[in-house]
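**Student:** Chains as they are written, first to last, in my numbering: chain A, 79 to 411; chain B, 2 to 686; chain C, 63 to 428.
Heads up, some of the hints might be wrong.
[Said to hold, decoys possible] DSS-like cross-link-like pairs, simulated, lysine-lysine; straight-line CA separation at most 30 angstroms:
id: 1; chain 1: B; residue 1: Lys371; chain 2: C; residue 2: Lys316
id: 2; chain 1: C; residue 1: Lys322; chain 2: B; residue 2: Lys435
id: 3; chain 1: B; residue 1: Lys549; chain 2: C; residue 2: Lys322
id: 4; chain 1: C; residue 1: Lys179; chain 2: C; residue 2: Lys195
id: 5; chain 1: B; residue 1: Lys90; chain 2: B; residue 2: Lys273
id: 6; chain 1: B; residue 1: Lys273; chain 2: B; residue 2: Lys93
id: 7; chain 1: B; residue 1: Lys53; chain 2: A; residue 2: Lys209
id: 8; chain 1: C; residue 1: Lys195; chain 2: C; residue 2: Lys149
id: 9; chain 1: B; residue 1: Lys90; chain 2: B; residue 2: Lys53
id: 10; chain 1: C; residue 1: Lys149; chain 2: B; residue 2: Lys500
[Stated by the list, open to error] From the derived model, a few chain C residues whose C-beta atoms are all more than 10 angstroms from chain A:
id: 11; residue: Phe128
id: 12; residue: Gly135
id: 13; residue: Phe139
id: 14; residue: Asp177
id: 15; residue: Val406
Think of the hints as simulated: they come from the structure by calculation, not from any bench. Here a beta-carbon is modelled for each residue, glycine too, at the ideal position from N, C-alpha and C.
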Amino acid sequence: MGQFMIKRALLMIPTMVAISFVAFLIITLPPGDFVDRIAATAAQDGDRMTDAEIGALREAYGLNRPLLIQYADWVWGMVSRGDFGTSFFYSLPVDQLIWDRLGLTSLLSILTLVFIWIVAIPIGIYSAVRKYSLGDYVFTFFGFIGLAVPNFLLALALLYISFRYLGLSVGGLFSPEYIDAPWSLAKFGDLMAHIWIPMIVLGTAGTAAVIRTIRANLLDELHRPYVTTARAKGMPEHRVLAKYPVRHALNPFVSSLNEIFVQIVSGSTIVSVVLGLQTTGPLLLEALKQEDMYLAATLIMFLGFMTVIGTLFSDILLAWLDPRIRRELSGGS
Amino acid sequence: MTSLLSVRDLSISFSGDDGKVTALDKVSFDIPAGKTVCLVGESGCGKSVTAKALLRILDHHASIDQGAMLYHRADGDVMDLAQGSATSKAIKSVQGNEISMIYQEPMTALSPLYTIGNQITEVLHWHGSYSKDEARVRAIEVLGQVGLPNPEKRFDAYTFEMSGGMRQRAMIAMALVSNPRLLIADEPTTALDVTTQAIILDLMRDLQKQREMSMLFITHDLGVVADIADEVVIMYLGNVVERGTVDDILTNPQHPYTRGLLASLPGRQRGKLHTIQGTVPSLFDRPSGCAFQARCAQALPQCGVERPQLVDQPNGHGLRCFNPIAEQANDHTAVAEAPRQIDRGGQPILRLRNVAKHFPVRGGLFNRVKTHVKALNGVSLDLWQGETLGLVGESGCGKSTLGQTIMGLHSPSAGQITFAPHGTPTDLAGLSDKALRPHWKDLRMIFQDPNSSLNPRMTVFDIVAEVLRMGDDLTEKSAIEARVREIMTQVGFDPSFLKRYPHAFSGGQRQRIGIARALAPHPKLVIADESVSALDVSVQAQILNLMKELQEELGLTYIFISHDLSVVAHVGDRVAVMYAGRIVELGETAQVFDHPRHPYTEALIGAILEPTPRSRRDDDKLRLDGNVPDPLNLPPGCPFAPRCRYATEICNQTDPALTEMADGRSLACHFEDVVQGATVAVNQA
Amino acid sequence: MAHNADYDGQWRLIWRRFRKHKLGFAGLLVTAAIYLVAVFAEFLAPADPNAISPRNTYAPPQSLHFFVTDKEGNSSFQPHVLGYKTKIDYDSGRRTFEENPHKVIPVGFFVKGHDYKLLGLIPTERHLFGPVKSRDRIYLLGADRLGRDVLSRMIYGTRVSMSIGLVGVTLSLVLGVLLGGASGYFGGWVDLVVQRVIEFLQSLPSIPLWIGLAAAIPASTPPVQTYLLITVILSIIGWTGLARVVRGKFLSLKTEDFVKAARLDGCSVPRVLVRHMMPSFASHIIAVVTLAIPGMIVAETSLSFLGIGLQQPVVSWGVLLQEAQNIRAISTAPWLFWPGFMVVVAVLALNFLGDGLRDAADPYAT
């Protein structure tokens, strides 16, 4: 098992390299670069830059080198000194801008995942066991709504309702006084008080999807021979269900965990823009619009890392849960 | 004789999308204390439904419409199992405790996510107050009683770590750990190899005697019935049609269906089998009156109007028939047929020399080849025009792989496959599909599973015509259509049904379509890969007769692959026995069955169960223990040596080659005469 | 009498199964209705979606009344809406609108409005309904910040949003079938490479990637090209789901006896693929494709909402929702949410339809 984990972890390295390359590629796709943007803004202000000035500026930013060299340089900087480049727009090193945001994004994503588990698994089990009951229909209905409403719309709707009817302004992860304050227990409490709205918004679609998956998987398992065998042993129905089909149905669910986690991280990007959260979303959007190369590339890269690490965890969890895989990994008995 | 459980007029129906259907129609029988009762029948007879009903584990679609299942408890109380909800405390206290059940497929009936020990001790926890340690001790004890070596280790094992026979023993242990008074066994040996089946049946018989337990044994195999039953209940379409002691039923059956069943069993006689015409009707089309009358040769007008009552004769023999067969049964099968004369002088139509097939096993990061599955290890044989070669062996022996390799579905790893349907021999080994296509007119295959061998999305006509459309011989649409009609009529298929889809037909009819497809391009050699294994006994007899007729009419040569020795004895002119990817014995059928020379053949034949009651047989069967060798890891020397009772030093060191002997057969053994004496002949009751 | 299914081919069986699935059937009807709206958008919309009306910025929705009572108290049947009485609040600089019972704007069917070409071919001026006098304006769902009719814009937006779903899914389908099919059929290293690529792409968060790629489209790109580029971007990750399904189907079909039989019948590889294997998974593919469309629609909506997808003057639901981006806008004009409602309806309908298709896709499973 330990060997498996190490092997899997090592396999992640080439994946991460590929991600960094893809991230860099995406950023450098648009024609023109940051310096062009500066020149365009300057021209709008009536201050046209000469070609020489543009060239010099480009050289100062290192943007005149071939793309592969820029990429290699960037990667080398990351690996050797933890330097992720400089943000042209903010004139600050990238890593000063991202850690807080990445941390909050991770926290939000993980909390949302836990939320989905806690809510969706019991409901999914209930729906499968009490198929076609009133509860099943109600949950299925809400499930469909949850699937159909894009999460940014839900965020908008929540903002509207709370603003119009409750007079509250519910965006953001912190109350105004804590935004720039250093971390403290009080700040953490404030964060917790605010985080549940984005958590619910982000989690709705995932909850609906998980309920449907668990319900479908469990319905499949309920008719399998081993359930009949367990019943024939005289076990009470609820014990039969809990021990056998539920446990079996969890396996495919665990393997779908990475998909859900990817959706959450992905979805948080837009929801954070709508709700004005201090996570990576708004920063990334801005950086892309400004062609702030290193900031955008680093953010995309780290978001990719987050999901890949999530995938690793779900693979390990699955291997641990399923004795067939465990035995195969330890070389059979 | 006290009755442990009496079923009285039990009727069960299923409700589904297409309406309500009766599965059991007033079924009545008794299970005496300490005896084994066999419920026998073909598909749709309701035997499995009965078993599940006893334990109240039927699907929620099913409902018990009427009747009682009176269970006599140890303290004298009588409890009607049909009453009350399936989850009531009363029923739950009986399930798994006083009545337990074992199933056909332990791989799916047990959970792969929990250890065997866990699933066994679970029963103890629910029905008694055992501490964890006490339960473990008890479970290990039972695991030992069912003959598992190293029971302590098995306690912590998972199902997928054990072989088929071991899994079945573990399941038996699980059922016996609570000392039940009745054990229900639902086809527990159907999925096992014949040698393993013999051992498991012995085990169950012994356990039953030791524990003075009753057994209800569900099966379709009359040989198994003969081996294990004290009493027999014959079922047809949800009705009990005949019941009695095993001696009575097997030696003097009176119901036309029972007679027909026994007559359908293939055996050494080789002649045309008496078949029951037609097929089992669907439960939706239950005939009025007697359920069997549409297929009965003895049917009276009365039979179509009124259902006969189940009448018990003084000796306990129960019969539901207006016109039973009174005369004593003497010979179930047809007139014995002399072995066919095959001209083996000229060039063989097929010659295999050292054909090997090793499947690479890949793994690791770059999908490199790690090891090989050695499915075929040097097979050589000659086959002459017009003969039928029976290819027999247990699971994993490579017989199916050999069939597929000869066809060209796989390329052999080594060896030659020389095919000479019209005189000029060609080596088919290693040819591409394109090069093989012209030969596939003369070399055809009939598949095993009638469900998956026909494309459900094509009409029957298209399925049979496809090979003709791909060939060059017939180009006109009308010519193709004429040929399809011709071959379909020959296989007994009504040509007016050609535009239907496969789902409209039963298993037997689908097999006929498969046969027509194989024979459409006038082939010379046909490989039948377990072509009757998935069919009911009565249908199997029809198809076997059909294939024999067609062989005579069309001059076909067959390679008949089967795990069922009786079938092979019936159809084969010669028999080849395979083990671990090679032929270990090859010779004329009579020779091989009367006096086998290879120890494995001896064991196989010893494991054959004929429908003769045990009381009339001598009982010195030898049993073959152990497992088939792992094709990933074959032992050095003779692959059978680890299990062979005659093995010596040389057997463990050198692999014997297949050599021809004086009497014309081929044998792969270091010793010619190690097997002494004739074994019991097959089905010569 | 029960239907005799003996002569029913696959598609009839699937249709009969599908019909029993009430939600799926409802989904089919609604989806068909939405696509009809998309095709006949110009006919159905009462106004020109780009017609600006500075006097009517953020005008609230007008209710449709059916009877006019004249001064004598007689009422006659005349569908109409009531015009506005506007007041300008000089402090906040905003207009307020009130219903003016005296301004009756008659509404009729098949009225003349702005001209267009029906189905791109037939020039006409007729619209299904609208103001009888073509200079009047009606705002059944209110107006946006430039006084444009939200209902008309929504109807036009249907065309773009729904078609992007179809085009995007077609691209994904082509890629998915080719790569997934090759992977499943040939196996070996082809399978290995394709599988690794699929795993890689699926482990990446899609929205940041899409945002990155969409932001790469220069603002000066003409709308048609932007449209096509957006669909390409959406398909770059979208094909992986389809490829996995196709691959799975190929792998399981390869082992079926009837496929082996077809090979032994002498069928060439293309014939085995097309005539024998494809019918077995065609229905599954249709179900999966249908279920993939809502994802595309939502993705386009999200990108346009953020301002980096489609831009004005192209009208899609996402572009319309961009107006609702800030809280001030929606609190004064909550009817700007209506395009969001359309998104929800379309996604629901397609999901129901896809579910129904998926359940019916294998009519031979017990």
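**Student:** Next, verify each hint and record whether it holds.
**Tutor:** For each hint, the structure was consulted:
1. B:Lys371 x C:Lys316: Holds, at roughly 24 angstroms.
2. C:Lys322 x B:Lys435: Cα-Cα ~15 angstroms, so holds.
3. B:Lys549 x C:Lys322: holds (25 angstroms)
4. C:Lys179 x C:Lys195: Holds. Lys179 of chain C to Lys195 of chain C sits at ~21 angstroms (cutoff 30 angstroms).
5. B:Lys90 x B:Lys273: Not OK: Lys90 of chain B and Lys273 of chain B at ~55 angstroms, beyond 30 angstroms, violated.
6. B:Lys273 x B:Lys93: violated (51 angstroms)
7. B:Lys53 x A:Lys209: holds (23 angstroms)
8. C:Lys195 x C:Lys149: holds (24 angstroms)
9. B:Lys90 x B:Lys53: This hinted pair holds, its Cα atoms lying about 18 angstroms apart.
10. C:Lys149 x B:Lys500: Status violated; Cα separation ~76 angstroms.
11. Phe128: Check passes; 31 angstroms lies beyond 10 angstroms.
12. Gly135: holds (39 angstroms)
13. Phe139: holds (37 angstroms)
14. Asp177: Asp177 of chain C clear of chain A: closest Cβ-Cβ about 35 angstroms, beyond 10 angstroms.
15. Val406: Given a closest Cβ separation of 5 angstroms, the condition is violated.
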